[in-house]
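*Asks:* Residue 1 is where the sequence shown starts when you use my numbering, and the numbers rise one by one after that.
A couple of the hints might just be wrong.
No farther apart than 30 Å at their CA atoms in a straight line, the calculated lysine-lysine pairs in the DSSO-like style are these [unchecked claim]:
{"id": "1", "residue 1": "K22", "residue 2": "K128"}
{"id": "2", "residue 1": "K136", "residue 2": "K11"}
{"id": "3", "residue 1": "K22", "residue 2": "K11"}
Hints are computed from structural coordinates only; laboratory data are not their basis.
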Amino acid sequence: MGTQNIRGIFKSTDAGQTWVEKDNGIVEHEGITFRGFTVDPRSSDIVYAAAEISSYAWSSQPEQGREFDKTKGVIYKTIDGGDNWTAVWRGDNLARYIWIDPGDSDVLYISTGIFDREAANSDHTVNKPGGEGVLKSTDGGQTWQPVNNGLSNLYVGTLFMHPENPDILLAGIGNNAYFDGGGVYLTTNGGTSWQAVVPNENINAIEFAISNPNIAYAGSAGTVYRSSDCGQTWSKASTGENGWGSPGVRAGFPIDFQVDPRDPNRVFANNYGGGNFLSVDGGQTWTVASDGYTGAQVREIGFDWLCFLRHS
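Using the sequences and the hints, build the whole thing.
*Replies:* Following this line, the structure appears as structure tokens:
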């Protein structure tokens, strides 16, 4: 588990009943927000943590871009179950998603950027968005190379690896301060090249369906898109006055999708405006799934895989 705007990674060994702080080696004491963790499939002791570092942590004063805070990013890695952490990447935009090739754990991808932050290397006075894009490592995170050929924007707020072919990835890109170049992008060769499959739309969430990876979903502020051919072509799944969301409820920016691992038409979405939504018809209609929810902004949602395995 990671914290927001202050140092802290916590580990539980009793199914979440108790937690112990595990942040030896993390040098940022304030202004760091952990956005994601990925465990190496070879060993649960090897974990990667993706984070953003707010400008007030690395600058003498907060640095505002055109609309949002400027951020840098960092990837930390542990090989001893969190007892010690080492930074394996630092860059000029926040890190969000980390994907590991299940057949070769030395191959990793990270996505950088999001729609409501600006890169440290951006300059709105000359309309320079900056950014880092998608980075790839083939040596377990020791070195990283950008794999951005074909991308029109380097704010890659969401990234998802095909569950059966790790060379196929979908990327959702775009930034609200720099509107040009958003969209859904597809690579079928491990990031060597990308092609736009949904152009000119800021995409904030994307996911393949595990039970049928021909089906994928992508979401923007106004629309949920669906693909039934492994991300090659897309159609608008959502309809209605608000684009997506329940009748009479205006949904915000989707931050994350979770497709039921047993049913590719059953999709959960959480959004920046607060709240969770559920579709059982492949994204065409949505109902509010927030009973008991406090109203805080939800960053991520997930399925209980043990429950899935017990009932599958």
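*Asks:* The structure should be examined with respect to each hint, and the outcome stated for every one.
*Replies:* Results for each hint:
For the given pair, K22 sits about 38 Å from K128 by alpha-carbon distance, which is inconsistent with the 30 Å threshold. The suggested pairing of K136 with K11 holds, with an alpha-carbon distance near 27 Å, which does not exceed 30 Å. Note on K22 and K11: the hinted pairing holds, with a Cα-Cα distance of about 7 Å set against a maximum of 30 Å.
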